Amino acid sequence: MPILKGIIVNLDSVSRDTLVQLYKAQSSGVTTATGLTGVDLTGWISQIPVNTPFLDSLARSTPEVAGPAALWRVLTNVNNLQSDPGTAFDAPAPMAILNMINASSQYAKLGYGYTVTQDAIDLAKGFADARTIAVINAMNQWKIGSDKKLLGGQNFALPTPAVPTTATAATGGTVAAATYLIKVAARTGSNYSYGGSTIASAQGSQITTGATSTLTATVASIPGAVAYDWFVGGFYITTTTVNTVTFLTTPAGSNQPVPNLPGIYGVAPTSVPVADSSAKATDFNGLLATLAGDYVTGGATGLVTRGSGINSGAGFTSLGGSTFTSSGQSINELDALNTRIFNTVQLSPTRYLVSAQESNSISKLLLANGAANTFFTPGAEGRTDVTGGGYVTHYVNKAAGGVPVRIEVHPNLTPGTLIAVSDTVPFPNSNISNVLEVRSLHDVADYEYATNRGTGVGGGPRFDGEVFSTSTLINRAPVACAVVQDIAAN
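Going by the numbering used here, the first residue of the sequence shown is number 479, and it counts up by one from there.
Note that these hints are calculated values from the structure, not bench results. These numbers were taken from a predicted model, which means no experiment stands behind them. Heads up, none of these hints are tricks.
Simulated pairs of lysine to aspartate or glutamate, DMTMM-like, Cα-Cα distance not exceeding 20 Å:
1. Lys-587 with Glu-915
2. Lys-587 with Glu-542
3. Lys-587 with Glu-926
Construct all of the structure, not just a fragment, from the sequences and the given hints.
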C-alpha cells in the first residue's frame, strides 16, 4: 500500500473520492499562476484518467535481503527430453532430467517530482489543499507510468530490423513515379510510450511508375516489438503497430508528426536513428521483455537480445498486418495460441491482455451472425428498455478441455498486440505461488525535501518533493505465456 506523508493511502479510494475534485493545470508544479485559488467553481475536475489494471493485478513482495537485482530460478520444460523409463531388471533406472535457469531482473526507480509554492497554498486556503493535490497528481502519474513499464519496460536491445521488402501496384493510389528508399526501426513498449527505437535497418528501395501507384513496405516481425517507425528518403513518415505499411499517396519530403495512435509518445523522430535506444538502462524488464528476451548462457543472470542466449520458451506469432480470422464460433489465432501452450506445458492461459482494438475485434468476430444482438429488460413496459450489441468477456480454450480464458482490456497495451498470461502453475511441487510479481525494495512513497527557494516565478518559498518506488517485475514461467503481434483491426 503506498505511503503518503507517513499515512497509508488507498489510491483507488483517493481516485474516487478526492481526484474527482482535482483541477489539473498543465505545469510541472503548482504556483499562483497555474495552481488553485479561491474562485467560484462548480467543482474541480480530474483531467487525468488513472486506469492501471495490470499494475493493480500483480502481487507485491519485499525481499529479505536487498541488492541491485531480484534473483530467482525458472524451471523449464524438459518433458520431451527425458530418457525412456523402461528399465531392465537389476539395472539402474535412467536419471530424470531437471533443468533450472538462474534468472534476475534489475531494480529500477520509477517516480515523478512536484513543486508547490507557499503563495499557492495561501491563496487556495479554505478552497483546496494545493500541497496535497500536487502530491496526489504525482502519485497518479506514477501509477500510469508504472503500469506502462510493467507491460513494456526493457533494458536489453531489440534486434536490428532486417531490410524491408517492398512492393507496388500500378493502381489504387496516387504515389508519383519515382525511386523510393525505405528504412525501418522497431519500438519496444517503453519506446512506444516514451520515445526511442532500435537502429534503423539497411535500406530497401522500390521504383513506382505512373501517377496512380501504391507503395508497400514490410519488415520481418521482431518478437517483442510493438511498433515500427518508417523512414522514406531519410525522413520520418509514420509509425505503425504492425510490421507493414502501405502508402496510397506520395510520402512527404519532410519529417512528419506522429500518427494518431492510442498512447503513443507525441514527439516524432527527427532523423533516421543510427544508435540503439531500445534498451533503456533505467528500465527493469516488463512483461513483454520477459517473454521476448533470452536468458544469459554460462550461468549468468539477466536477459539479453533474442537469439543470443537461451530462449525463454514463450511463443510469438506474427499476423503480418492481417486481422483475426474465425471459423464457426472459434478464432483461429487464439485456438493456435492455446494449443501451443497446452502442447508445451499442459497449461491454459488465465487471461488475454488486449488493447481496445483487439477487444473490439474479438467481440465482432464471435458475435457476428448477420443480425444485431438485442436484449430486453424483463418487465419493461411495451418492451421499450432495449440494449443493443454485445461484448465477449471470456474465450473457451478447447485445447485444454473447455477452460474459459478471461479477456482483459489494458489501456497501456499497444494496439496490435495480444499477450496470453498464465497466472498459476498448478504442478506438484512447482513452488510457484505467483507467476507474475512486483518485488519492491520499498513501495511507492512521497519524499519531501526541505523548504526551498529559487529565482523567478515559482521560485519560493516552495515545497519540493517526489513520489517514487524502487522495484522490478518477476516472471517465473514465461514458457506458459504467448504473444500474438502485428494484428490489424477487424
